[in-house]
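Quick mapping for you: the protein sequence lines, in order, are chains A and B.
In terms of the numbering used here, the first sequence opens at residue 1 and continues consecutively.
In terms of the numbering used here, the second sequence opens at residue 1001 and continues consecutively.
I should point out that these hints are in silico values taken from the structure, not numbers from a laboratory.
The C-beta atom is built at its ideal place from N, Cα and C for all residues, glycine as well.
Treat the hints with care, as some may be off.
Claimed, not checked - From the structure, some residues in chain B lie toward chain A, with a derived Cβ separation under 7 Å:
no.: 1; residue: W1034
no.: 2; residue: L1072
no.: 3; residue: D1074
no.: 4; residue: D1089
Stated by the list, open to error - Far from chain A, by Cβ distances over 10 Å, these chain B residues were calculated:
no.: 5; residue: A1004
no.: 6; residue: K1008
no.: 7; residue: A1018
no.: 8; residue: N1036
no.: 9; residue: G1047
no.: 10; residue: R1048
no.: 11; residue: S1053
no.: 12; residue: R1056
no.: 13; residue: R1061
no.: 14; residue: S1066
no.: 15; residue: D1078
no.: 16; residue: D1080
no.: 17; residue: G1092
no.: 18; residue: S1110
There are 2 protein chains.
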Amino acid sequence: MFEALLEKVRFNNRDLVAAIAQQYDTNEVLMMAWMNADSIEETLVTGRVCYYSRSRHGLWRKGETSGQVQRLVDIRLDCDGDTLLLLVDQTGVACHTGRRSCFYRAVRGSELVELSKPSVDPKTLYGEKHG
Amino acid sequence: MFEALLEKVRFNNRDLVAAIAQQYDTNEVLMMAWMNADSIEETLVTGRVCYYSRSRHGLWRKGETSGQVQRLVDIRLDCDGDTLLLLVDQTGVACHTGRRSCFYRAVRGSELVELSKPSVDPKTLYGEKHG
């Protein structure tokens, strides 16, 4: 199932490939993260998106703590094999700040402004200690 | 204009930041590339997207050879500052293979299949030597 994909992915010198998550029906870009071979394999087997956490140096099962999981709808590879596009069905919010998308800041004039407010309190998602 | 953005971008150890290009009206994800501070500045000043080419080690003015330019509509920064989302208006095709999007390969069963054919002959875009 995943061998055909894995043999075409060009992992970087840290054995990772960039992965963009896009909501499958609205086409909203939710986030960008990284995957290794194991996380790609787990994602394809389980149908739930698993990334590789560069800060925690391990598999990052999206939503494991927060419940904000991503169901995999389709997985695409780009022309040079160094980026994946994951079409997902996002439960709740993708961003750890409680926003649907991580891309909520934009340039307006000479300022960087926030385009949206959190729709969920991060304390609700992660508990007080991460608040 | 760009100082507010640049001071929030977290460039990697090669002084680059990932940049996703998305067609502003259809929300189609077109490609992923990299930018450095100079290319961000040029993009904001000119309104035409300029990346940083890791293979050519220099500014990559998208469409300079092929004519397939990207007009910048909006620029977004993600929560941890290491990825940009460029909302663009893509002239023609984004992919060097002559396809609208670089993400044209997908897993189907045990195979990686092409979801689309080139809509433009790359020879037309780049001349015979790149064909």
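Hint by hint, here is what the structure shows:
1. W1034: violated, 10 Å
2. L1072: violated, 10 Å
3. D1074: Nearest chain A Cβ about 6 Å off; hint holds.
4. D1089: violated, 16 Å
5. A1004: violated, 4 Å
6. K1008: Given that some Cβ of chain A is not farther than 10 Å from that of K1008 (chain B), nearest at about 6 Å, it is violated.
7. A1018: Violated, since 6 Å does not exceed 10 Å.
8. N1036: holds, 17 Å
9. G1047: holds, 12 Å
10. R1048: With a cut-off of 10 Å, R1048 (chain B) remains clear of chain A, as the shortest Cβ separation is near 16 Å.
11. S1053: Since the minimum Cβ distance to chain A is about 12 Å, S1053 (chain B) lies beyond 10 Å and the statement holds.
12. R1056: Non-interface label stands for R1056 (chain B): nearest chain A Cβ at 14 Å, farther than 10 Å.
13. R1061: R1061 (chain B) is indeed farther than 10 Å from all Cβ atoms of chain A, at 19 Å.
14. S1066: holds, 14 Å
15. D1078: violated, 4 Å
16. D1080: Given that some Cβ of chain A is not farther than 10 Å from that of D1080 (chain B), nearest at about 8 Å, it is violated.
17. G1092: holds, 15 Å
18. S1110: For S1110 (chain B), whose nearest Cβ neighbour in chain A is about 6 Å away, the distance does not exceed 10 Å, so it is violated.
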